[in-house]
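Novice: These are the residues of each chain, in order.
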Amino acid sequence: MATTSMTMAKALNEGLRRALEKDKKVLLMGEDIGKLGGVFRITDGLQKDFGEDRVIDAPLAESAIVGTAVGLAIRGYRTVCEIQFDGFVYPAFDQIVSQVAKLHKRSDGVYTMGLVIRLPFQGGIGAIEHHSESPEAYFAQTAGLRVVSCSTPNDAYWMIQQAVEHDDPIIFCEPKSRYWEKGEVDLDTPPHGLFDSVVRRTGEDVTVIGYGSSVKTILRAADTAQTEGRSLEVIDARSLAPLDLGPMISSLEKTGRLVVVQEAPNTASLGSELVATLTERCFYSMRAPGIRVSGYHVPYPPSRIEDAYRPSVERILDAVDRVMGYES
Amino acid sequence: MIDEKLVQLLTPEGERISHPQYESTLGGDQILGLYRDMVIVRRLCNESTSLQRQGQLALWAPVQGQEGAQIGAGRALEPMDFTFPSYREHGVAWCRGVPPEDMLRIFRAVTTGGWDPQKYRHSVPTVVLGNQALHAVGYAMGVQRDGAEEAVMTFFGDGASSQGDVLESFVWAASFNAPVVFFCQNNQWGISTPSTLQSKVPLYRRAPGFGFPGIRVDGNDVLAVYEVTKRALDNARTGNGPTLIEAYTYRMGAHTTSDDPTRYRVDAEVEVWKHRDPIERVKALLAREYRVKGSTFDEVNAEADLMALKLREDVLAMGPPDPISMFENVYADVHPLIEEGRREMIELGVSGSGH
Numbered sequence: 002m003a004t005t006s007m008t009m010a011k012a013l014n015e016g017l018r019r020a021l022e023k024d025k026k027v028l029l030m031g032e033d034i035g036k037l038g039g040v041f042r043i044t045d046g047l048q049k050d051f052g053e054d055r056v057i058d059a060p061l062a063e064s065a066i067v068g069t070a071v072g073l074a075i076r077g078y079r080t081v082c083e084i085q086f087d088g089f090v091y092p093a094f095d096q097i098v099s100q101v102a103k104l105h106k107r108s109d110g111v112y113t114m115g116l117v118i119r120l121p122f123q124g125g126i127g128a129i130e131h132h133s134e135s136p137e138a139y140f141a142q143t144a145g146l147r148v149v150s151c152s153t154p155n156d157a158y159w160m161i162q163q164a165v166e167h168d169d170p171i172i173f174c175e176p177k178s179r180y181w182e183k184g185e186v187d188l189d190t191p192p193h194g195l196f197d198s199v200v201r202r203t204g205e206d207v208t209v210i211g212y213g214s215s216v217k218t219i220l221r222a223a224d225t226a227q228t229e230g231r232s233l234e235v236i237d238a239r240s241l242a243p244l245d246l247g248p249m250i251s252s253l254e255k256t257g258r259l260v261v262v263q264e265a266p267n268t269a270s271l272g273s274e275l276v277a278t279l280t281e282r283c284f285y286s287m288r289a290p291g292i293r294v295s296g297y298h299v300p301y302p303p304s305r306i307e308d309a310y311r312p313s314v315e316r317i318l319d320a321v322d323r324v325m326g327y328e329s
Numbered sequence: 031m032i033d034e035k036l037v038q039l040l041t042p043e044g045e046r047i048s049h050p051q052y053e054s055t056l057g058g059d060q061i062l063g064l065y066r067d068m069v070i071v072r073r074l075c076n077e078s079t080s081l082q083r084q085g086q087l088a089l090w091a092p093v094q095g096q097e098g099a100q101i102g103a104g105r106a107l108e109p110m111d112f113t114f115p116s117y118r119e120h121g122v123a124w125c126r127g128v129p130p131e132d133m134l135r136i137f138r139a140v141t142t143g144g145w146d147p148q149k150y151r152h153s154v155p156t157v158v159l160g161n162q163a164l165h166a167v168g169y170a171m172g173v174q175r176d177g178a179e180e181a182v183m184t185f186f187g188d189g190a191s192s193q194g195d196v197l198e199s200f201v202w203a204a205s206f207n208a209p210v211v212f213f214c215q216n217n218q219w220g221i222s223t224p225s226t227l228q229s230k231v232p233l234y235r236r237a238p239g240f241g242f243p244g245i246r247v248d249g250n251d252v253l254a255v256y257e258v259t260k261r262a263l264d265n266a267r268t269g270n271g272p273t274l275i276e277a278y279t280y281r282m283g284a285h286t287t288s289d290d291p292t293r294y295r296v297d298a299e300v301e302v303w304k305h306r307d308p309i310e311r312v313k314a315l316l317a318r319e320y321r322v323k324g325s326t327f328d329e330v331n332a333e334a335d336l337m338a339l340k341l342r343e344d345v346l347a348m349g350p351p352d353p354i355s356m357f358e359n360v361y362a363d364v365h366p367l368i369e370e371g372r373r374e375m376i377e378l379g380v381s382g383s384g385h
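Chains as they are written, first to last, in the numbering used here: chain A, 2 to 329; chain B, 31 to 385.
Quick caveat, the hints were computed from the structure, so don't treat them as lab data.
Because the structure is a prediction, the values reported are computed rather than measured.
Please note that the accuracy of each hint is not assured.
[Stated by the list, open to error] Only pairs whose alpha carbons sit at most 27 Å apart, straight line, appear in this in silico BS3-like list of lysine-lysine:
| no. | chain 1 | residue 1 | chain 2 | residue 2 |
| --- | --- | --- | --- | --- |
| 1 | B | 149 | B | 304 |
| 2 | A | 25 | B | 149 |
| 3 | B | 149 | A | 26 |
With the sequences and hints as input, model every part of the structure.
Specialist: Printed below as a string of structure tokens:
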């Protein structure tokens, strides 16, 4: 197995490069993605190698980036749209929900909406307002869309390629706070399917589920818990819509205790969906109610105080204490 | 107020007039063809309104008064061109070959689409105002990349002209020199909103600000609309970029069958536009210049009546789809929630009942 160490940003770049090489119908479109290589440099060097017709610097209008990608999809192209930051996706919300999600259905399956909308999401980079949000639930609730999130460079490299090849529209959530962290990437074999959830660490006492930036935080919490004699099983949801419940159910049948971690607020969130669905499926295995560790119900705070908003190791361990506390 | 820049080749009285840049290239048979199209589409519209009033359609969006604009534009298209309509483009759909009964499926609420958009090269109706303008520009960018000599045309109204998507599509089309024609039917009213609230300048004058030509044509003059659209499509196909056509017309009927225009517009205005009818002026021209006989007009009417009869039969025979069909084509690939929903519906015994 040939692996190489690279950052998530580089892994996405390499994954996109491979997608462009494999299929001439693949295009990239977004703001500042050409000469600049994107504000996060995810598309660095790609316009130089694949030309301005395939790596398209877009005028600054998100609805048009997605809306023209719809027209390109009808013409047979597969466009990877880069939305510069999570908080700038809302101008495109109408196109995504009204058109991208529905046109396969409205055309009785004639149109294939094979396009990817890349969304750097979640906080933790000390940014100013509108640069740290977690809008995944808006899209997860919309029938016709699929939503995935990577948490490691290896996943980033493979999931972006799998997303480009998929025939359904995919909201691809990238945890921007992990862009610069390195990991091993296997350049030959994809580790998992695009819509698989994955057990990142096995344990016995509590099942802790997260995605994106939260996975690493949960793994740190698991290390600390271990020193306290508690064994956490950590699951990376990866696919937020649809959810891959199988590994989660198996885990919960073993541990009987559930904690879900997300940066988004609780209300009508992926965390809420996971707790509700898993409680329905695993009721007789559960020894405590599932607990969500989430952002608070406030607009994303100024980043100087974002650490108090984002789920921390301490808050995760506190939730673990609470689910463990239901038994004497 | 009709702008002095309005392109017109046929007056409301059916007299030809000359224009410095455009002349009619159509012969008598072709003009008779346009007349036939307009009569049939008006008949289709009236029959659909009746069907709605009789409880057979959930809604209908009348096109009466706009037949000249839609037939002129629709017949200017080449077969390989692709069109992106709103929800009122029944005349364009007719020109693209969409069967009338398919146009009514969405209004009978038995589907959310209605026809195969690739077969007719006419996209499914778009109800969210202006969304389709961006699809047209994106499609046109694909045509460019394919090196194909095809044009793309999108249709919207004066109401949608205020939507961000339409204005963004102007920016995109100009920046990428996309082979697209924006066909705006200014029918003066967006439900109750007058076009004067949508724009402080004539709509066609917006285009130069975006970097491409805009032209206002008498939307009730099918000959002028045909020539103006033909040239704009040719320009798009030959790499000369986008055009905004403002077809100046009038919505003679209500916005939809749920609307009551007497609450917001005066009869006198409607009366003025009655004298500008797109069909009557062509009939006058045909009778005078081409000696088309009354019996020929009678034949066209009879054909339209026959179409309406068949349309009525087809619509009445259109039952609701099997509820289980709601799970089809939501996704291209298998999806667990689709499977779960389908399973539950089968277990409940809802499927197959037709209700």
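Novice: Next, verify each hint and record whether it holds.
Specialist: Hint check:
Straight-line distance between C-alpha atoms of residue 149 of chain B and residue 304 of chain B comes to about 36 Å, which puts the hinted pair past the 27 Å bound. Annotation: proposed proximity of residue 25 of chain A to residue 149 of chain B holds, straight-line Cα distance about 25 Å (limit 27 Å). The suggested pairing of residue 149 of chain B with residue 26 of chain A holds, with an alpha-carbon distance near 22 Å, which does not exceed 27 Å.
In this structure, the one hint that does not hold is number 1.
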